[in-house]
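*Asks:* Taken in order, these protein sequences are the chains called A and B. Numbered by numbering that gives the first Met the number 0, the letters in the first sequence go through residues 0 to 410 in order. Numbered by numbering that gives the first Met the number 0, the letters in the second sequence go through residues 0 to 376 in order.
In case anyone wonders, no lab produced these hints; they're calculated from the structure. Not one of these hints is a red herring.
With a straight-line cut-off of 20 Å between C-alpha atoms, the simulated DMTMM-like cross-links for lysine to aspartate or glutamate are:
#1 B:LYS297 x B:GLU287
#2 B:LYS280 x A:ASP328
#3 B:LYS102 x B:GLU183
#4 B:LYS40 x B:GLU53
#5 B:LYS262 x A:GLU370
#6 A:LYS119 x A:GLU44
#7 B:LYS273 x A:ASP133
#8 A:LYS274 x A:GLU259
#9 B:LYS280 x A:GLU332
#10 B:LYS175 x B:GLU122
#11 B:LYS371 x A:GLU273
#12 B:LYS301 x B:GLU59
#13 A:LYS269 x B:GLU122
#14 B:LYS366 x A:ASP287
#15 A:LYS143 x A:GLU188
#16 B:LYS280 x A:GLU370
#17 B:LYS366 x B:ASP307
#18 B:LYS366 x A:GLU273
#19 A:LYS274 x B:GLU122
#20 B:LYS14 x B:GLU70
#21 B:LYS273 x A:GLU370
According to the in silico footprint, chain A covers these stretches of chain B (three or more CB under 8 Å from chain A):
#22 124-137
#23 196-208
#24 336-350
Positions of the beta carbon are idealized from the N, C-alpha and C atoms, including for glycine.
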Amino acid sequence: MFEFMLNENQKFLLKEVQDFVKWVPKSLVLDMDSEHVTYPRQFVEEAGARNLLGLRFPKKYGGRELKWEDEIIAIEEIGIFGTALACAYVMPSIVGEAINVFGTEEQKEKWLVPLIKGEKIAAEALTEPRGGSDFFGTTTSARKEGNEYVLRGQKRFVVGAAEADFFLVYARTDPKAPPHKGISAFIVERGPNVEVEYLYGLLGTRGGGTGRLVFKDARVPAENLIGKENGAAEVFYQMMIPERLTSAAGAIGMGKAALEIAAKYSDRRKAFGEKIRRFQGVNFKVADSITLLDAARGLVYAAARSVDSSDEPSRSRRLVSEAKKFATDAAWEVINHSMQILGGIGYTNIFPIERLLRDARLIMIWTGTNEIMNLIIQHEFYKEILGGALSARDVEADAPEADKSDEKVYE
Amino acid sequence: MYKEEHNIFREAFRKFLATHVIPHIDEWEEKGEVPRDAWMKMGQAGFLCPWLPEKYGGSEADFLYSVIIAEELAKSGAVSFMVPLHSDIVAPYIFRLGTERQKVAWLPRCARGEIILAIAMTEPGAGSDLAAIRTTATLQGNKWIINGQKTFISNGATADLIVVACKTDKSVPAHKGISLICVESNSPGFRRGKKLKKMGLHAQDTAELFFEDCRVPEENILGEPNKGFYYMMEHLQQERIIAAVTAQAMAERMFEITLNYCKERAAFGQMIGKFQHNTFKLVDMATEIELGKTFLEKLVRKHMEGKDVAVEASMAKSWICEMANRVAYRCVQLHGGYGYMEEYPICRFYRDVRVFPIFAGTTEIMKLIIAKHLGLA
Ligand SMILES: Cc1cc2nc3c(=O)[nH]c(=O)nc-3n(C[C@H](O)[C@H](O)[C@H](O)COP(=O)(O)OP(=O)(O)OC[C@H]3O[C@@H](n4cnc5c(N)ncnc54)[C@H](O)[C@@H]3O)c2cc1C
Ligand SMILES: Cc1cc2nc3c(=O)[nH]c(=O)nc-3n(C[C@H](O)[C@H](O)[C@H](O)COP(=O)(O)OP(=O)(O)OC[C@H]3O[C@@H](n4cnc5c(N)ncnc54)[C@H](O)[C@@H]3O)c2cc1C
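The following block holds chain A by itself, in its conformation from the complex:
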């Protein structure tokens, strides 16, 4: 984070998170990448014990009532570990959002409180084998039977699934309604008819518990419905904020970690009798990289402020999507440059760059691909501009022949 922008409380938070980051055993990071550990439960417990989970949520549920502006500070710091730990860290913030915003008091007591304490692990299941981008195409179904819903279907690529105690699941409750009017969100506890399988063989983000889920007539009590029946669209739109802001803030941390390693390396490594940082082929990569990271951070911060200040929802949506797209693209590029700066050794496990690069390939894909971000960004921007959000001055008129309306042919 830009330290000069932080107030005293934020500086204190940063310090707390840095202490936690120092606590994380190296062996955990390595054992996760080698999949000797398939989920970092101990890490989540420790974060909970330090009261670092779900920072934004009300104090009465165990949170700190902080804002996005604060939480992104913590996420960026934890991002330096790569995607698997960062994702475990932010999951309470993501799943917690649905419960905090749409949940009943009982649901909050039952699910949000242990989540923030780090005592329960949650995961979010949207994606299906059939597809992730087209969320509203969901085919997992939930049929109401008395006081229960019966879930049937499959979910794929669910981070944390391997260890989760409960899942936030989207399922179709009204097959006849238009796609976005027939889906509901549920809390589904791990149980007999919920099969979970850890997915080995990911490029990166290993040890984060990514798995597949199969619901074989899994029975879910009606009281586990989050929000209204057939009302999951609202939940989904709300969830896009935590999913994407956390991806964006975490990405900056990953990029920062790689760039730090590359910059230090290039100040020591010599070729042709010079430190390689003397070559513009190297130091301009560093310049481009730090510019990208700073720009990303600025955008993430603006998006956070937009959400915090209850700005127009459509502008928040645009900024959050831009932040997700830009920060993830930037982080990948920075890590890729960093590998190049290290030369051959960067491709090996002597440095963590190769792991970060494998991890980073995910972030342009998950929580909505960056193409889906573009779909949203253009949509919201058109709405804004065509809705009259124009400059104070008629900028189009500043051309010599601007008044020749005959020349302006549109069809």
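Keeping the supplied structure of chain A fixed, place chain B with the ligands upon it in accordance with the hints.
*Replies:* This is chain B with the ligands only, laid out in the frame that chain A set:
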């Protein structure tokens, strides 16, 4: 450029790969090396060093056969089976610089797969700047005594014969005092270090090598003493062409896989390849791949005519290897979450291709070579 016999050869080699290589790749990736048996099979079938004269065990095949082998290995996902390094990068040093005795002793066995070759230039302290190597060789009686360390040596854990760049004269400017000496793996004082764990090329054993008063016969020197740096510069030309050919083939294969995927996968009720963004991405890739192919064909032809293609080879190495990485990145993206799964071939291609802008001379070093030609460096 390609004649009927080349096409027949390509078909035969594809069949060979389908039976003897492709089914084993996963296992080799897991083990971190390609077993000797696979090399022997390649040798028996005539796919190692086919360009060698018959008396050294080859079939005097032209360079296109080498290109075909490199391409087909890359396309089948067996880029870690570093046959082109053996056949077209290291063996030429022995053939062009070796004495008759060396050639007779080694080359037929290279062609049979009994000897696996490696070349050791890079050291922990010197990669791009090869003149800065520190490994020394001094003559004592009729033995070279070699001391030093090499790293990132492809085929390093399995090689039987290694061409080692050593400093033999410290009194002259660095590039005038390097020699190439062949070290057999049973030489006293030679030791292999650990295999390096890498982002990709898992089946390719990249290793550290140690020389501690390693003794090899005086006659193991290749060519003349102290000319090693110039020999390397000459031979790196073909090494870079081979790297470019391989990266180009990888790009072609990745594109093919992805185009198919984009025609099958649907989102929002439409094949994903039909969203204009994705269509244009695929079109851009097809265009870049075509440009690479055309340039490479011209380069290969000139190289076969024996022309000096140092500059074009550097252009091809840097542009095509970077292009292949752009292709890999986009192809993973088009696969969505599935591209992130090792189960899908694109995932391994993505890991494997990342090293191409690094080894055989980094992109930056290629640019310096081109810059020199432009009068800028
Ligand atoms: C390691 C990992 C962890 C994950 N964690 C979770 C999780 O915890 N919970 C969860 O629910 N999901 C998770 N996901 C799933 C992830 O969110 C999806 O993979 C992602 O949304 C893309 O969906 P898809 O893979 O089905 O790709 P597809 O939807 O099939 O998309 C394929 C390609 O088409 C493009 N495309 C699709 N539609 C359009 C369009 N209209 N215009 C232009 N291009 C388009 C996409 O951008 C992409 O490039 C995870 C994925 C991975 C790999
Ligand atoms: C998988 C693998 C297999 C390999 N196989 C072999 C092999 O079989 N035999 C062998 O001898 N070597 C091999 N190598 C080594 C490889 O050729 C070197 O890694 C490569 O040449 C780069 O050298 P370096 O790693 O020392 O990087 P360095 O030379 O330290 O370079 C670090 C960075 O500085 C940049 N740089 C250096 N000088 C300049 C300059 N003047 N201007 C601008 N930028 C500059 C480089 O481009 C790079 O980005 C292999 C490497 C790998 C990873």
